[in-house]
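In this note's numbering, the protein residues as written are 4 to 298.
Source of the hints: derived by calculation from the structure; they are not laboratory data. Among the clues, some could well be false.
Quick list of the computed label-pair ranges, beta carbon to beta carbon [what the hints assert, rightly or not]: (1) TYR209 x SER115: 48 to 58 Å; (2) GLN268 x ALA173: 40 to 50 Å; (3) MET200 x ILE100: 26 to 36 Å; (4) LYS106 x LYS288: 21 to 31 Å; (5) GLY273 x GLU203: 16 to 26 Å; (6) GLY273 x PRO229: 20 to 30 Å; (7) GLY110 x PRO264: 38 to 48 Å; (8) ASP257 x LYS288: 30 to 40 Å; (9) ASN227 x GLU166: 37 to 47 Å; (10) ALA272 x ASN227: 28 to 38 Å; (11) ALA261 x ASP107: 27 to 37 Å; (12) ARG45 x ASP257: 35 to 45 Å.
Glycine included, each C-beta is placed from N, C-alpha and C at the ideal position.
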Amino acid sequence: MAEIKCVGVVGAGQMGSGIAQLAVTNGLDVWLMDADRDALSRATAAISSSVNRFVSKGLLSKEVGDDAMRRLRLTSNLQDLRSADIIVEAILESEDIKKKLFKDLDGLAKSSAILASNTSSISITRLASATQRPSQVIGMHFMNPPPIMKLVEIIRGADTSEETFTATKALAERFGKTTVCSQDYAGFIVNRILIPMINEAFYTLYTGVATKEDIDSGMKHGTNHPMGPLELADLIGLDVCLSVLRVLHEGLGDSKYAPCPLLVQYVDAGRLGRKRGIGVYDYRKKKVGTPSPRL
């Protein structure tokens, strides 16, 4: 397996752009791909702003910051990822869409390339089954936002090789991250514990135990969480929380993972959280500062 010098990232949303930023600020060349050119423009602006903020705070030198932006290349053509040594997928949390992408990447990536998924819950083994290189497919789950959060959860599929695992772990450590390794079970480590807690917070609200403010305040001040579970759900995206719960419910077959009807209703109504301006809380009426994220 070749030394990792070039990283491909598919998906220019918050996660993809954050992963791209980590790679360029650590001396790697990056192809950031998205079919939506507007998404690429937003990602460039976000990465540039974030890098400048890191430089202004003394967390990066100006030379590293300038070099980082020179290393970033944008494309709407998947074929441009042919030169990448590792390709990290950071697209919609849908197994069918991800499997199609992995099949396409398998057909164009060089034979030594690792195909990694930033999925927060979907089986790596099933994603790998769409390729002819299952030993080189792995989960690389960054927390949100990737440039700030310290953890990368690495998930081995049934056929992931030791060489692929070692190279992926080394890359995460090059990014300055702490790594944990999970076997390929629904939700892995972090979301298997976190998302049911968020779901229980929704049930607590749904059954009238307390107000949303008191639920969040209770968890922040009673358990020393930096954010309450409902605030956190809004930050993650209620659609993402619901998607993970459904994966847990189907994959583990336990009724305790059944999504709260209130969460389902909010998603059906388009109340997806901060990205839509309204979720559990309404962010449209007044400007609310973004709290420190947990996931």
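Here is how each hint holds up against the structure:
no.	hint	in the structure
1	TYR209 x SER115: 48 to 58 Å	holds, 50 Å
2	GLN268 x ALA173: 40 to 50 Å	holds, 44 Å
3	MET200 x ILE100: 26 to 36 Å	holds, 27 Å
4	LYS106 x LYS288: 21 to 31 Å	violated, 45 Å
5	GLY273 x GLU203: 16 to 26 Å	holds, 24 Å
6	GLY273 x PRO229: 20 to 30 Å	holds, 27 Å
7	GLY110 x PRO264: 38 to 48 Å	holds, 42 Å
8	ASP257 x LYS288: 30 to 40 Å	holds, 39 Å
9	ASN227 x GLU166: 37 to 47 Å	holds, 40 Å
10	ALA272 x ASN227: 28 to 38 Å	holds, 32 Å
11	ALA261 x ASP107: 27 to 37 Å	holds, 34 Å
12	ARG45 x ASP257: 35 to 45 Å	holds, 39 Å
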